[in-house]
Amino acid sequence: MSDQAVLHVKGRVLVGADDVRDELWVVGGRISYERPGARDIRTVEGWALPGLVDAHCHVGLDAHGPVPDDVSEKQALTDREAGTLLIRDAGSPSDTRWIDDRADLPKIIRAGRHIARTRRYIRNYAHEIEPEDLVAYVAQEARRGDGWVKLVGDWIDRETGDLSACWPREAAAAAIAEAHLLGARVTAHCFAEDSLRDLVEAGIDCVEHATGLTEETIPLFASRGVAIVPTLVNIATFPRLAAGGETKYPRWSAHMRALHERRYDTVRAAYDAGVPVYVGTDAGGSLAHGLVAGEVAELVTAGIPPVEALSATAWGARRWLGRPGLDEGAPADLVVYEGDPRADVRVLAAPRRVVLNGRVVG
Numbered sequence: 001m002s003d004q005a006v007l008h009v010k011g012r013v014l015v016g017a018d019d020v021r022d023e024l025w026v027v028g029g030r031i032s033y034e035r036p037g038a039r040d041i042r043t044v045e046g047w048a049l050p051g052l053v054d055a056h057c058h059v060g061l062d063a064h065g066p067v068p069d070d071v072s073e074k075q076a077l078t079d080r081e082a083g084t085l086l087i088r089d090a091g092s093p094s095d096t097r098w099i100d101d102r103a104d105l106p107k108i109i110r111a112g113r114h115i116a117r118t119r120r121y122i123r124n125y126a127h128e129i130e131p132e133d134l135v136a137y138v139a140q141e142a143r144r145g146d147g148w149v150k151l152v153g154d155w156i157d158r159e160t161g162d163l164s165a166c167w168p169r170e171a172a173a174a175a176i177a178e179a180h181l182l183g184a185r186v187t188a189h190c191f192a193e194d195s196l197r198d199l200v201e202a203g204i205d206c207v208e209h210a211t212g213l214t215e216e217t218i219p220l221f222a223s224r225g226v227a228i229v230p231t232l233v234n235i236a237t238f239p240r241l242a243a244g245g246e247t248k249y250p251r252w253s254a255h256m257r258a259l260h261e262r263r264y265d266t267v268r269a270a271y272d273a274g275v276p277v278y279v280g281t282d283a284g285g286s287l288a289h290g291l292v293a294g295e296v297a298e299l300v301t302a303g304i305p306p307v308e309a310l311s312a313t314a315w316g317a318r319r320w321l322g323r324p325g326l327d328e329g330a331p332a333d334l335v336v337y338e339g340d341p342r343a344d345v346r347v348l349a350a351p352r353r354v355v356l357n358g359r360v361v362g
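By this note's numbering, the letter at position 105 of the sequence shown is numbered 105, and the numbering carries on one by one without gaps.
Mixed in with the good hints there might be a few duds.
To be verified - Below are the EDC-like pairs computed for lysine to aspartate or glutamate, each with C-alpha atoms no more than 16 Å apart in a straight line: (1) Lys248 to Glu261; (2) Lys10 to Glu45; (3) Lys74 to Asp62.
No wet-lab data here; the hints were simulated from the structure. Quantities reported herein were computed from a predicted structural model and do not represent experimental measurements.
Generate the whole structure from the sequences, applying the supplied hints.
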């Protein structure tokens, strides 16, 4: 499409859960709901959604650590082809700022590099530190990121042979307060139960995975407005991980299996209690990119209504991250599908057209 061409998207435009329109126009890379006086018009028909959000994704990272820029580019392109046009990069050791200059790649909101306890996370991923240094490292990553900081809230403790919390409550509270002072929100990787209350009461804004939620902590999350990003496509790997650690860490293996078995009940209970739930895949570690449609389907399997699962990757997720959807004058980032994703979210797996910054890119 030339710079002068206007894109006409017609059919059904899902601006929000209760805001469905018949058409929109893309003029100069931005959305308009007024017909322009243009002759060079390209028309795309179907069901349009705001560009999808993957709120837990790692561009620039693979199972072994940071990757070269050409690999990061392939990761971002894979996400784009799946309809993911906004990524919250939940921790990466790679400098991916160059992506911001590429109008053909998804927009990224970075959380800096993971901050973990010494020898309590995946090698080559995180700053590995002790609690007395947590405030300083959170301040550093708050300045380097795009309004988010990522902690590793729990991990296997090799002495006990099971998952356990990484940070004393006082250290976490001081670090979260410092991030907030610098204008950043804080999220944390948490699989198990025992870190959740301390982190929420310390003021955390979000928890990744959150498989350890219980009937005692779910109301606390709801009352504080703490969001979760369940990454169910990642939680599906727990049985394989548990099998690999069975001999050396049997307690950890049994724990991981139990968390996996109740995963859908956990997510549904959180949703029913009013905990905000958003879509994230955890792509870029051991998982492939481009899994956003599968994660939406998993939320529906867990019992979240389809329209709410769509919101968790579309208008609701964008609002949570402070980015526009299909608003008048907003950058034209949208995905067009053959059918109505509200009727069957599996439609998301096959975008008809992907439009990024007003250009048809897929």
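> Okay, which hints does this one fail, numbers in order?
Replying inline: 1
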